[in-house]
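J.: Each chain, letter by letter, is given below.
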Amino acid sequence: MEQPPLEPERQLQPAPVEPLGCPDAELEAAVSEEGEGGLEEVSEDRTMTENNFWLKKIEISVSEAEKRTGRNAMNMQETYTAYLIETRSVEHIDGQSILTDSLWRRYSEFELLRNYLLVFYPHIVVPPLPEKRAEFVWHKLSADNMDPDFVERRRIGLENFLLRVASHPVLCRDKIFYLFLTQEGNWKETVNETGFQLKADSRLKALNATFRVKNPDKRFTELKHYSDELQSVISHLLRVRARVADRLYGVYKVHGNYGRVFSEWSAIEKEMGDGLQSAGHHMDVYASSIDDILEDEEHYADQLKEYLFYAEALRAVCRKHELMQYDLEMAAQDLASKKQQCEELATGTVRTFSLKGMTTKLFGQETPEQREARIKVLEEQINEGEQQLKCKNLEGREFVKNAWADIERFKEQKNHDLKEALISYAVMQISMCKKGIQVWTNAKECFSKM
Amino acid sequence: MEGERRASQPRSSGLPAGGADGESPGGGAPLSGSSGSSALLQAEVLDLDEDEDDLEVFSKDASLMDMNSFSPMMPTSPLSMINQIKFEDEPDLKDLFITVDEPESHVTTIETFVTYRIITKTSRGEFDSSEFEVRRRYQDFLWLKGKLEEAHPTLIIPPLPEKFIVKGMVERFNDDFIETRRKALHKFLNRIADHPTLTFNEDFKVFLTAQAWELSSYKKQGPGLLSRMGQTVRAVASSMRGVKNRPEEFMDMNNFIEAFSQKINLIDKISQRIYKEEREYFEEMKEYGPIHILWSASEEDLVDSLKGVASCIDKCCKATEKRMFGLSETLLPVVHEYVLYSEMLMGVMKRRDQIQAELDSKVEALTYKKADTDVLTEEIGKLEDKVECANNALKADWERWKQNMQNDIKSAFTDMAEENINYYEQCLATWESFLTSQTDLQLEETSEDKP
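Sequence lines, in order, name chains A and B.
So in my numbering the end of the first sequence lands on 471, straight run, no missing numbers.
So in my numbering the end of the second sequence lands on 494, straight run, no missing numbers.
Honestly, the hints are just simulated from the structure, not real lab data.
Bear in mind that the values here come from a model prediction, so they are computed numbers and not experimental data.
No false leads were slipped in.
Here are some chain A residues the structure puts well away from chain B; computed CB gaps all over 12 Å:
#: 1; residue: Glu210
#: 2; residue: Asp312
#: 3; residue: Asp317
#: 4; residue: Met351
#: 5; residue: Ala357
For each label pair, taking beta carbons as the anchor points, the in silico distance ranges come out as:
#: 6; chain 1: A; residue 1: Ser452; chain 2: B; residue 2: Ser354; range: 15 to 23 Å
#: 7; chain 1: A; residue 1: Ser452; chain 2: B; residue 2: Asp347; range: 17 to 25 Å
#: 8; chain 1: B; residue 1: Lys329; chain 2: A; residue 2: Ser129; range: 35 to 43 Å
#: 9; chain 1: A; residue 1: Gln402; chain 2: B; residue 2: Asp347; range: 56 to 64 Å
#: 10; chain 1: A; residue 1: Asp295; chain 2: B; residue 2: Leu185; range: 33 to 41 Å
#: 11; chain 1: A; residue 1: Glu99; chain 2: B; residue 2: Ser476; range: 49 to 57 Å
#: 12; chain 1: B; residue 1: Lys329; chain 2: A; residue 2: Leu219; range: 46 to 54 Å
#: 13; chain 1: B; residue 1: Asn298; chain 2: A; residue 2: Arg154; range: 51 to 59 Å
#: 14; chain 1: A; residue 1: Glu87; chain 2: B; residue 2: Asp347; range: 38 to 46 Å
#: 15; chain 1: A; residue 1: Ile119; chain 2: B; residue 2: Ser476; range: 45 to 53 Å
#: 16; chain 1: B; residue 1: Lys329; chain 2: A; residue 2: Glu85; range: 36 to 44 Å
#: 17; chain 1: B; residue 1: Asp347; chain 2: A; residue 2: Glu205; range: 43 to 51 Å
#: 18; chain 1: A; residue 1: Arg154; chain 2: B; residue 2: Lys312; range: 36 to 44 Å
#: 19; chain 1: B; residue 1: Phe368; chain 2: A; residue 2: Ser129; range: 52 to 60 Å
Just so it is clear, CB atoms sit at the ideal spot from N, CA and C, and this is done for glycine as well.
Same shape as in the complex, but just chain A (with noise of 0.2 Å):
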């Protein structure tokens, strides 16, 4: 099969997207009233088919993190990091969850995870995972990946992405993801024997459509151009933001140092002494706060980092376009080449290079029959590739259609969440602004005592 049977009606029933800036955000169930009546759920190995898991608001969350230490491939023990997932339903009377689900995931297999969505549904701009390695670094975070405070960025970053799925109104009926939840055991090896490796698009063939395509629809070019500068802003801006926190943590942190000194300069003070003592107290506080505030930050900076991510998720859709648009085109141009051939060959002129033309040329014509049979192969040749390009433009149509939705559903949430995102910038700045009012009228009512 070459594409997810593409159910419109369920594809496109309007499902409501949670904002996901927070998580353990509750989420209602995808399948809600509307698709419940009368739609005999066709069985299909990727969608969730009896079980009402979706029937019921479930919470989802990466509640915890554990370093372990185990065998890896080539029998080498390594350290990582599992993170435990835990699933709960809600029950809609009294409002209790319940824990259904849990079990312990590492990194390795979420990338698989996608992976495996970014395959069997290449027309879905699918979430992104949290970075693999920290960067953007300022001076304080390490680029480690056992650093406590990456660790837990990341677990924030993971819940986001299984909410993001979940709360996505086609992805969220997968099986697989929906065995990512509760099978702990085995489904690697279920996620394979999708074979869906096989089915990946090779980066090389992609990246020769890319080139070569001619006619991609137009939308596609464009949302690439965007994505391009969206990445390319997001990066520029998260860069300057990790050097403007790294300043700013040497600004508050270097006043610490007044709180030291003036201690120990109010011992010889006879009348400045407690003005300088006191003061040098608001001092330490001021130093101390900028760790809770650049904190707060980091996770502004994971927000946009995930529409950083999301750059390249959009791409994603748009190589898959020109992919099937130059396959579409190499079909018809395949299938005119055939069609000239039985002409010339029906015809009787050669108006086009071929092996057999020179060959006939240099030893002799060939039979009428020879001629006919020919003919006739190529003429089947032509019916089957007719059909395949009906079907190709088919397919290329419905994808169009069904990716520009989904592209739609994501710029809303895109421009949702970036203004919550920045509206929130707004909101830590002037907390800091008003700690530090509090913090130096404080120490100025000392130095005034003085």
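Take the given structure of chain A and dock chain B to it, following the hints.
T.: Structure of chain B alone, referenced to chain A:
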């Protein structure tokens, strides 16, 4: 010549130091002496207990002065000087106003140097005129400082800015360097003017009033280079001998000075570092805002939010710049001046110790009858007076200095806190107005969406 004025007659009074910050009329009794009554008002004797009364008397005289035909009317009233020199108490008593400005660089075949314009306005009778304008270079300031130290070895002479800045390859003629130096030189002269004793120093007067050629010939008078060197050698020798009988109060003073010196140096380093960090923060912030503008070009729906954020960041950036500037105007120069003061103080202690050591060595000589006892006894008598004067001078000046220091430090740090409060208040206002605009928009949007 004018020997009586040059004589270092230290006052035996504890001068009121109330409310004096660096540039105020040093809590003392700046005297508007007319030439006739100058001898009286020179305040060689200022009674301790009657300070307040004395001040009142002087201020009355000042008002009399204005009508006195002896002294020419000042073309500019003292009140107009308030802009140049900040002082809070007793504005009427200040009668010597000095400004240092207009640095100019001069190039000769041998060297390049900078001169500063010094304008003096005064109502004092002993000045030939009420306004003077001269040009001086750093060397001249050094000379003046040396003369003051010579004349008043145990008074706390204000510090001069450094000759060079060791850190970094700062060009001598770098604008920032010159400006910083100019401000410090201005402070130096004003501190002298505010000092109850130093303000009447003759060399100081010459410095303020003599033309360039007059000054160089004046400089050549006085003890020669060799005798000055001799003094220095003796001073070093005696200080190396150590002081055996330093009185306790001076022990305490010394301990304080050492501790203070250490602390103020640290504060100086910390403050410089903060300035540096703030500057680098400012540089990065300048780049931060525009990126949001760039982004808004590709996002139709987010243009308002992004542009809003960019504008907030830019405003905060400007506020940071203002804060930085404030720091460099208020806190940094004050702290640095006190770093230099602490070095000065150590020098003063040494000189005091040296005077005492001289006495001690003569006493020792007397004990062992090394020389003619009569001569020695006479010398000892003189030295004892000298020591007492020196000690008293230092004690009085010390109290004054401490009070000034407290006020200056308090003022500088209070200003710094004020700068920071203003900074955060500005930023707060900016972000709050952005937030309001965004949430208003949101409310509009959600009400539009409602079916």
